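There are 2 protein chains.
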Amino acid sequence: MSKSVFYHAGCPVCVSAEQDLVSLIGTENISIVHVGENKEKVSEAERKGVKSVPALITPNGNILHINYGASIEDLKP
Amino acid sequence: MSKSVFYHAGCPVCVSAEQDLVSLIGTENISIVHVGENKEKVSEAERKGVKSVPALITPNGNILHINYGASIEDLKP
Numbered sequence: 792m793s794k795s796v797f798y799h800a801g802c803p804v805c806v807s808a809e810q811d812l813v814s815l816i817g818t819e820n821i822s823i824v825h826v827g828e829n830k831e832k833v834s835e836a837e838r839k840g841v842k843s844v845p846a847l848i849t850p851n852g853n854i855l856h857i858n859y860g861a862s863i864e865d866l867k868p
Numbered sequence: 792m793s794k795s796v797f798y799h800a801g802c803p804v805c806v807s808a809e810q811d812l813v814s815l816i817g818t819e820n821i822s823i824v825h826v827g828e829n830k831e832k833v834s835e836a837e838r839k840g841v842k843s844v845p846a847l848i849t850p851n852g853n854i855l856h857i858n859y860g861a862s863i864e865d866l867k868p
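Chains as they are written, first to last, in our numbering: chain A, 792 to 868; chain B, 792 to 868.
One chain only, chain A, in its complex shape (with noise of 0.2 Å):
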């Protein structure tokens, strides 16, 4: 399988998701993008569609949104 990518902005509610999520998939299943320490990174997520975060995007490229950290504009540099 390959791997979901779960972006995230450090938020309380991003932290909670991403220990369900790895621990539902598997921390060998996911890669994790911080999108705030990472800048470049929000452009990058906004490209593959991702609307807030926390949000994982499966190997096949559908984005679940998961609860409601920030919006992915409240990110942009």
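Accuracy of the hints is not assured; some may be wrong.
[Claimed, not checked] Calculated cross-link-like contacts (lysine-lysine; reagent style DSSO-like; alpha-carbon spacing at most 27 Å):
1. B/Lys794 to B/Lys830
2. B/Lys867 to B/Lys839
3. A/Lys832 to A/Lys842
4. B/Lys842 to B/Lys832
5. A/Lys794 to B/Lys830
6. B/Lys842 to A/Lys842
[To be verified] Under 10 Å between C-beta atoms, here's a sample of chain A residues computed to sit facing chain B:
7. Val796
8. Gln810
9. Asn853
10. Ile854
11. Ala861
12. Ile863
13. Glu864
14. Pro868
Hints were generated in silico from the structure; no laboratory data involved. Predicted model, so just to flag it, every value in this text is computed and none were measured. The C-beta atom is built at its ideal place from N, Cα and C for all residues, glycine as well.
Assemble chain B onto chain A, guided by the hints.
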């Protein structure tokens, strides 16, 4: 691992999220509850804290509201 519970109402957003989660977590690790076909499950979901569907309750009781299909309010009998 105890099972996660996926609450949905048969909407396209729900079906898509269900397929993604089953694929990620494994069908043996997830119970699927269709609150639209089983109205007493609406109050069960609400009691557990589900605000909208689709939603996943993890084995440790956390709720992941995934994308947005319908408010639990709109599903009440």
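Hints, verified against the model:
For a cut-off of 27 Å, the pair hint linking B/Lys794 to B/Lys830 stands: about 22 Å separates their Cα positions. For the hint pairing B/Lys867 with B/Lys839, the CA-to-CA distance comes to about 15 Å; that is within 27 Å, so the pair holds. With a C-alpha separation of about 13 Å, the suggested pairing of A/Lys832 with A/Lys842 holds against the 27 Å cut-off. The hinted pair formed by B/Lys842 and B/Lys832 meets the criterion: a straight-line CA distance of about 13 Å does not exceed 27 Å.
Restraint check: the Cα-Cα separation between A/Lys794 and B/Lys830 comes to about 36 Å, which exceeds 27 Å; the hinted pair is violated. Only pairs whose Cα atoms come within 27 Å are accepted, and B/Lys842 paired with A/Lys842 is accepted, the gap being roughly 20 Å. Among the interface hints, the one on A/Val796 is violated; its C-beta lies about 12 Å from the nearest C-beta in chain B, farther than the 10 Å criterion. For A/Gln810, the interface hint holds, the least distance from its beta-carbon to any beta-carbon of chain B being 8 Å, beneath 10 Å.
Here the hint on A/Asn853 is kept, as its CB sits about 5 Å from the closest CB of chain B, short of 10 Å. For A/Ile854, the interface hint holds, since its Cβ comes within 10 Å of a Cβ in chain B; the closest pair sits about 8 Å apart. Restraint check, A/Ala861 versus chain B: the minimum CB separation of about 15 Å is more than 10 Å; hint violated. The criterion of a C-beta within 10 Å of any C-beta in chain B is not met by A/Ile863, whose closest approach is roughly 15 Å, and the hint is violated.
With 10 Å as the threshold, the beta carbon of A/Glu864 stays out of range of chain B, its nearest partner Cβ sitting at about 17 Å, so the hint is violated. Taking 10 Å as the C-beta contact cut-off toward chain B, the hint placing A/Pro868 at the interface is violated, the least distance being around 27 Å.
Taken one by one, the earlier hints fail for this structure at numbers 5, 7, 11, 12, 13, 14, listed in ascending order.
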